[in-house]
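Colleague: Please take these sequences and the hints and turn them into a complete structure.
Each residue of the sequence shown is one higher than the one before, counting from 774 in the numbering used here.
One or more hints might be untrue.
Below, simulated DSSO-like cross-link-like pairs (lysine-lysine); rule was C-alpha separation at most 30 Å, straight line [stated by the list, open to error]: (1) Lys811 to Lys1056; (2) Lys898 to Lys817; (3) Lys1065 to Lys984; (4) Lys943 to Lys1026; (5) Lys1056 to Lys1017; (6) Lys984 to Lys898.
Worth flagging that the hints you see were computed from the coordinates, not collected in a lab.
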Amino acid sequence: MKDLFGNEIVEDVLLRDKFIEPPFSVLDTRGGNWQGRKRAWLSKGIKSEVGRNDNLTFTGAAAQFDYYRVKEGKRANTDEQSTSIFDPVLTELMYRWFCPDGGAILDPFAGGSVRGIVANYLGYKYAGIELRQQQVESNREQALNILPINNQPQWYVGDSDRILDEIWNKFEFIFSCPPYANLEVYSDLPDDLSNMNYKDFIIKYRSIIGKAIKLLKPGRFACFVVGEVRDKEGYYYDFVGDTKRAFIDQGAKLYNDAVLLSVVGSASMRASKVFEAGRKLTKIHQNILIFKKL
774 MKDLFGNEIV EDVLLRDKFI EPPFSVLDTR GGNWQGRKRA WLSKGIKSEV
824 GRNDNLTFTG AAAQFDYYRV KEGKRANTDE QSTSIFDPVL TELMYRWFCP
874 DGGAILDPFA GGSVRGIVAN YLGYKYAGIE LRQQQVESNR EQALNILPIN
924 NQPQWYVGDS DRILDEIWNK FEFIFSCPPY ANLEVYSDLP DDLSNMNYKD
974 FIIKYRSIIG KAIKLLKPGR FACFVVGEVR DKEGYYYDFV GDTKRAFIDQ
1024 GAKLYNDAVL LSVVGSASMR ASKVFEAGRK LTKIHQNILI FKKL
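Modeller: Shown next, in the form of C-alpha cells:
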C-alpha cells in the first residue's frame, strides 16, 4: 500500500509483530501494548524498588516523594519526583534489538533487579555491579524466586571503577542507567557517585565508562539510559552531552539517539506550578544513547 506521494506505508501493527515495538527514535511507554507487556513482566515477581534504603534522599526539585511516579515505574529526574524503577519492557527491547542471542551483558550501574532478571529470563548472561550490599542481596533473592538456580544473573558488590579492573571476560552488550549525578542520593558510601559534586562525578563516571568499553567486543553496542540534571541555579549540566563525549573519547561512536516518553501521570499536576515559578518545562522523557565500538 502506498500513500498519496507514492511512498510505501508501513503499519505499526506489522512492526510490532516483528520487533515488539516499532524501532523508531521515539519509544512511547504510554501505549496499551507497552503497558500490557510491562504488567506481564512485573507479574513474574520483579520488584526493583525492593532493596532501597528507607533513607533514600532526593535533591533539588526531586526532594518531595511522589507515590504515583513510583507506581508508574519511572526514573526520577529534576521535574519528576520518585524512587527510580527501571522499565522491563525497555530492557527487553534493548536486549533483543542490540545483543546477539545468548550474549553476555555488562551493567556497570546495576541498581535494582530488573535488568538482570530480564536478561537471564531471555537467555542472556548478565553481570551487574552495584555498590550497595543490601541492594544486591535483594536482587539475588528476587532472582532465585523467578529463575532456575542454574540460570542466575551475576551481581558484584563494590565500586565499578575498581571491579571493572578485575574482570577479564568480554561482553556482547553494555546496558545501564547511571546515577543522574546527585539527583538521587543512594547511600552515604564514599564511592557512591550520587554523593559527589558534578565535576568529581564526571571524572569517575568517565573512568567507569572507559573501563567498561574495554571489555566490550569490537563491533558491539553499548546503551545508556540517561536524562538531564539541573544545577542548584536551575540550569542543565548537559549530562547527556557529557555521556556522549565519554563514550566517543573511548572509541565508541554514537549510533542511535532515541527518546523514551513516560506516562504523564502526576506530571500534569506539577507542570503549571513548575512552569509559572521558573519557566521550566516538566520532563516526561529520557534519552536512550546507543554507541557502537569501533
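Colleague: In ascending order, which of the hints set out earlier in this document are inconsistent with the structure?
Modeller: Hint check: nothing fails, all pass.
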